[in-house]
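K.L.:
Sequence:
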Amino acid sequence: VQTTQANNITTGRIYQSVIDKERRGEYLGKTVQIIPHITDEIKRCVQILGSKKDYDFVITEIGGTVGDIESLPYIEAVRQMKWESPEDTLVVHLTLVPYLSAAGELKTKPTQH
463 VQTTQANNIT TGRIYQSVID KERRGEYLGK TVQIIPHITD EIKRCVQILG SKKDYDFVIT
523 EIGGTVGDIE SLPYIEAVRQ MKWESPEDTL VVHLTLVPYL SAAGELKTKP TQH
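If you're matching positions, the sequence shown starts at 463 in our numbering and goes up one per residue.
No lab work stands behind these hints, which were simulated from the structure alone.
All figures in this text were calculated on a predicted structure; none of them were measured in a lab.
Built from N, CA and C at the ideal position, the CB exists for glycine as well.
Treat each hint with caution, since some may be false.
With a straight-line Cα cutoff of 25 Å, these simulated DSS-like cross-link-like pairs (lysine-lysine) come out [said to hold, decoys possible]:
no.	residue 1	residue 2
1	K492	K505
2	K492	K515
3	K505	K483
4	K505	K515
5	K514	K492
6	K569	K505
7	K515	K544
Distance windows between CB atoms, simulated [claimed, not checked]:
no.	residue 1	residue 2	range
8	Q464	K569	33 to 43 Å
9	D518	A565	38 to 48 Å
10	D530	Q495	18 to 28 Å
11	Y489	Q464	26 to 36 Å
12	G487	P560	44 to 54 Å
13	P498	T522	16 to 26 Å
Let's have the full structure, built from the sequences with the hints guiding it.
P.N.:
Pasting the structure below:
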């Protein structure tokens, strides 16, 4: 599988792109904010990959923990994508459910928080 920079989105790249746009005057002197500027850039980066090639679907993983402040702009961007294009967006949440062999049981408590 060949990949490009479009296959990997980093927070640094998102923020740098927004800063560059602000310096070029694309925000018309408005204060740059997480919502809408950062979330719009995240959505643009996710959607650009799907529009460059003839893909049937694009899988996007948001690492980290839901609720951590670092991932909030990404979670919000996905929420907006689901709202704006519900027929084209599917959200799947995955979590670790560890098995403790000593106790012989699955531990779901970490998933509940």
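K.L.:
All hints, please: hold or fail.
P.N.:
Consistency of the hints with the structure:
1. K492 - K505: Answer holds: K492 to K505 is near 20 Å, not above 25 Å.
2. K492 - K515: Status violated; Cα separation ~34 Å.
3. K505 - K483: 15 Å, holds
4. K505 - K515: Measuring from Cα to Cα gives roughly 17 Å; hence the hint holds.
5. K514 - K492: 30 Å, violated
6. K569 - K505: 35 Å, violated
7. K515 - K544: Between K515 and K544 the Cα gap is close to 21 Å, so the pair holds against 25 Å.
8. Q464 - K569: 33 to 43 Å: For K569 against Q464, whose Cβ atoms are near 40 Å apart, the range 33 to 43 Å holds.
9. D518 - A565: 38 to 48 Å: Holds: the Cβ-Cβ distance is about 43 Å, inside 38 to 48 Å.
10. D530 - Q495: 18 to 28 Å: Between D530 and Q495, where Cβ atoms are some 20 Å apart, the hint holds.
11. Y489 - Q464: 26 to 36 Å: Because 34 Å falls inside the window, the suggested range holds.
12. G487 - P560: 44 to 54 Å: 51 Å, holds
13. P498 - T522: 16 to 26 Å: Given about 19 Å between the Cβ atoms, the range holds.
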